[in-house]
Amino acid sequence: MPDTMTLSVPGKAEYVSTVRLAISSLAAKSGFDIEAIEDIKVAVSEACSNILCHSNIGDEYLYRVECTLHDDRFEVTVVDNGVGFDTDHYKEPNPEDFQSGGLGIYIIKALMDEVHVESRDGSGTLIRMTKHIFKDEPAPSAGPGHQ
Amino acid sequence: MSLSINGNYDEINDRWDFDLVGEMDISNAHQLKQQIETAYAAHATDIYLNLERLSYIDSTGLGVIIGVYGTIRGNGHKTIIVNPKDNVRKLLRITSLDKVLIQ
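Protein sequences, first through last, are from chains A and B. Mind the numbering: the first sequence is residues 0 to 146 in numbering that gives the first Met the number 0, read in order. Mind the numbering: the second sequence is residues 0 to 102 in numbering that gives the first Met the number 0, read in order.
No wet-lab data here; the hints were simulated from the structure. Every residue, glycine too, gets a C-beta built ideally from N, C-alpha and C. Everything hinted at is true.
Straight-line C-alpha distance at most 27 Å; calculated BS3-like pairs for lysine-lysine:
{"#": "1", "chain 1": "B", "residue 1": "Lys32", "chain 2": "B", "residue 2": "Lys98"}
{"#": "2", "chain 1": "A", "residue 1": "Lys134", "chain 2": "B", "residue 2": "Lys89"}
{"#": "3", "chain 1": "B", "residue 1": "Lys32", "chain 2": "A", "residue 2": "Lys11"}
{"#": "4", "chain 1": "B", "residue 1": "Lys77", "chain 2": "B", "residue 2": "Lys89"}
{"#": "5", "chain 1": "A", "residue 1": "Lys108", "chain 2": "B", "residue 2": "Lys89"}
{"#": "6", "chain 1": "B", "residue 1": "Lys77", "chain 2": "B", "residue 2": "Lys98"}
{"#": "7", "chain 1": "B", "residue 1": "Lys89", "chain 2": "B", "residue 2": "Lys32"}
{"#": "8", "chain 1": "B", "residue 1": "Lys98", "chain 2": "A", "residue 2": "Lys108"}
{"#": "9", "chain 1": "B", "residue 1": "Lys84", "chain 2": "B", "residue 2": "Lys98"}
{"#": "10", "chain 1": "A", "residue 1": "Lys28", "chain 2": "A", "residue 2": "Lys134"}
{"#": "11", "chain 1": "A", "residue 1": "Lys134", "chain 2": "A", "residue 2": "Lys108"}
{"#": "12", "chain 1": "B", "residue 1": "Lys77", "chain 2": "B", "residue 2": "Lys32"}
{"#": "13", "chain 1": "A", "residue 1": "Lys108", "chain 2": "A", "residue 2": "Lys11"}
{"#": "14", "chain 1": "A", "residue 1": "Lys28", "chain 2": "B", "residue 2": "Lys84"}
{"#": "15", "chain 1": "B", "residue 1": "Lys84", "chain 2": "A", "residue 2": "Lys108"}
{"#": "16", "chain 1": "B", "residue 1": "Lys32", "chain 2": "B", "residue 2": "Lys84"}
{"#": "17", "chain 1": "A", "residue 1": "Lys108", "chain 2": "A", "residue 2": "Lys28"}
{"#": "18", "chain 1": "A", "residue 1": "Lys28", "chain 2": "B", "residue 2": "Lys89"}
If you want the footprint, here are the derived chain A segments under chain B, 3+ residues with CB under 8 Å:
{"#": "19", "region": "11-18"}
{"#": "20", "region": "37-44"}
{"#": "21", "region": "101-114"}
Please take these sequences and the hints and turn them into a complete structure.
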């Protein structure tokens, strides 16, 4: 059974950096290199920011960040019970026509190996992000005669 | 986590130089927006953002920079990012902002 750690986070912008630090620490523990840790850190932070920007949960409510350390993957789920948004009408930003909104999900998808977003008006939002762990092939064992 | 913003008007080159130090995210990106708006109201000219000591930026921070770029471009002024760290440069590349914001 994989280890899972869950954070209940107040809906305040000031705590996003705390989540970032905690997730970085867990990613480092899983053996990712610095660039992959940075990818995970940015993606999770973007998911938290997305909830704060769009869920309208208010700063007295909590959202949840759940991190599961599988043998072959690092999975983080960020979920809230806010108003949600209609993913069918999510429009990815067009690099030729820069807008200041809509970048968060775009960045998450660019940095993580798998991304799943569930959200409907009135029923909250769930963002699940996965980064695969590629372990080095085990070194061939020394055969007879190798002392 | 903290963000320090230091803005100086360079009279010789007629431009604003902003040094950003620390981390910029949803909790503090509005500070940059306010400081640039105040500066630009005093001297409407090009804006240079030195990110050499900015260790982290998120989409909120990028959104502020995109907003500045869009606003002052209409007046014929440039927004230029200087010396971004590798992790910041990666986000600029992903979002294609490097094409218009890095000299």
